[in-house]
Amino acid sequence: MADKEILLDVKDLVLHFSTSKGVVRAVDGVNFQLNSDEAVVVVGESGCGKTSLAKAILRLLPRNVHTYTGKVYLKGEDVMQLSDEEYRRQVRWRKMSMVPQAAMNALNPVLKVGDQVAEPSIIHSAMRKAEALEQASKMFQHVGVPQDFLNRYAFELSGGMRQRVAIAMALVTWPDLIVLDEPTSALDVLTQANIFNVLKELKGELGLSFILITHDIATSSELANSVAVMYAGQIVERSDAHRFFDKPLHPYSEKLMNSVPRLRGNQEPDFITGQPPSLLSPPTGCRFAERCTKRFARCDEDPPVIEQDGRSVKCWLYA
Amino acid sequence: MSVQMNVKGQDKALAQDEVLAMKSDTVTSNDVLLSVKDLRVWFELRRFGFGHAGYVRAVDGVSFDLNLGGTIAIVGESGCGKSTLMKTILALHRPTKGDILFEGQNLNALRGSEMQEYRSQVGYVQQDPYGALAPFMSIQRILEEPQIINGIKDKEERDFRLRRAMEEVKMSPVDDFLPKFPHMLSGGQQQRVVIARAMLLDPKLIVADEPVSMLDASVRVEILKLLRGLQEAHNLAVIYITHDLSTVRYFSERVFVMYAGKIVENSLINDLIHNPYHPYTDALLAATSDPDADNATRFRDVPPGEPPSLVNPPSGCRFHPRCTHKIEGLCEVEEPPYFEPEPHHLVACWLYR
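Heads up: the protein sequence lines correspond to chains A and B, in order. Once you know that position 93 of the first sequence is 92 in numbering that gives the first Met the number 0, the rest is easy, because the numbers rise by one and skip nothing. Once you know that position 254 of the second sequence is 253 in numbering that gives the first Met the number 0, the rest is easy, because the numbers rise by one and skip nothing.
Here chain A stands alone, though its shape is the one from the complex:
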């Protein structure tokens, strides 16, 4: 791993929202790295802050932000130092882009999909429309959408095709990194497999890096080089994919892995009892302690992040 270039380095990223009930600590001190040509998967239950993490990295923030601090190095440059306008011009879509959750419904219903895919090139790469459309048709080829679909509207496309168009839109300016937020959770299994085939191909051919955000461990393994497990606003385990899927370290990751219904093999799945803590006032000690079966006295204190053979885990068991 050491010989690879670090593409993205996130340090102590914090994103808190103010609401009428208090401050929601959606992203609470997140650290991780991503090498070029690799994919990291962020897994966690709903409400653990994984979508907020994506938004924090891409600086797509709502109005009620309370705190937004930390460092995000993209190829060595701290993009958090840039002003909003500089960020918009230099980083978003030029270097990092995003396929939003439910991307199939994110397309504009009254624009032709070709025009929509061409738009980022016109805005960010100062192309003329004809050129941008040509670029869009090239992207359609990459993601496997027939050329004549350029002139169609979103409602004329199936869910899988719409998802591909959304991916083409994120690709069209040749960014280094694409953030995929639950790209397949609304799709059928065959379509899902198709989309992952496309993503694998893109990763191999174009040398793209991905951050894949999902709650579904089974499909996450389709793309992952490394895995980050998120719980209650924090990353509790980071590991390479091989060792993670073989044997996760953190008790939460273990439970998450055991809760997956499997098609093959006879392992009886289990589920995690209880609810994740409220992000309004998370517990002071380990945030998973309340649901953990391996809890002991020290869990009342906040566990440090412990490094172990290139993996890291935030749990007292490994201290």
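Since the hints were made in silico from the structure, they are not lab data. No false leads were mixed into what you were given.
Listed below are the simulated DSBU-like cross-link pairs for lysine-lysine, each with C-alpha atoms no more than 30 Å apart in a straight line:
1) A:20 with B:179
2) B:179 with B:169
3) A:254 with A:199
4) B:169 with A:254
5) A:293 with B:224
6) B:203 with B:179
7) B:169 with B:152
8) A:3 with A:202
9) A:94 with A:111
10) A:199 with B:325
11) B:224 with B:203
12) A:20 with B:169
13) A:137 with A:202
14) A:3 with A:70
15) B:169 with B:224
16) A:246 with B:224
17) A:254 with A:10
18) A:293 with B:169
19) B:224 with B:86
20) B:224 with A:254
21) B:179 with B:154
22) A:94 with A:202
23) A:10 with A:20
24) A:199 with A:137
Starting from the structure of chain A, add chain B where the hints point.
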């Protein structure tokens, strides 16, 4: 009418009425609860509001029997007609052709109060729990409403029933949840309320339409086990509709694979996983992933193309344009009947003629 299934020779096609007699479970005797016979549900397309422009053949010749206390799963992609089949069973659509018999009574013949009586015996668990619960009603009211509509006038009895249902879905202490509104609950809790509502009137049949597909992977198994527990405790018949084969084995023994309005394979789930016959089932299984780091370097075999339009379905076998095992001159000409390559395992594919 529930004839014990005949085990036929390896290469003999089954006649239509023998297929009809195929039962959802191997339980004998004549305790058939629901019997679907050559059901067709077509929706008429109209041009400019009145000109006839063809039909959408959402369900096109589906037959099965479901026993009291039996479970079946229907697996298929979106647009294959599984939701239309379910809604027709719930009497929300009328069959274009064919019959649905519930305890021997034909749904087509039910009127007014008989229909209400039928509906009270069939519970419905929706796919999206948040969309299925009225946002302006408290949980108490959500659970009281169906009882009022179905004429349970005694307030105490209503209260007793709703508490019993809430305890059955393990939403306790009940009093904490009753005054809450749906948005205050997590997705898993909302789905429990939906299940409690389906259980209120002591139904004999529950239809669960993708009950876990909108939920987090970590609570899916919990909800499925809950449903399974209720099914066993009350001897409920359950139809479980899903697109995810990996969850079926935790719920049902028998599974029907549906493609373009037809059932293409009918088997026990373990036989289906280890020994699928239909090329479409094969593709579905190959596309389902288990957590494994090696997945990242493997490409999956996916049949080319997309499910066909149900307005003009392909001639012959409806899967033939995407099938890699197509037999020229046969598959695109003649529709395959059901073959039985092994006992209790039916497949509509010419490969097994």
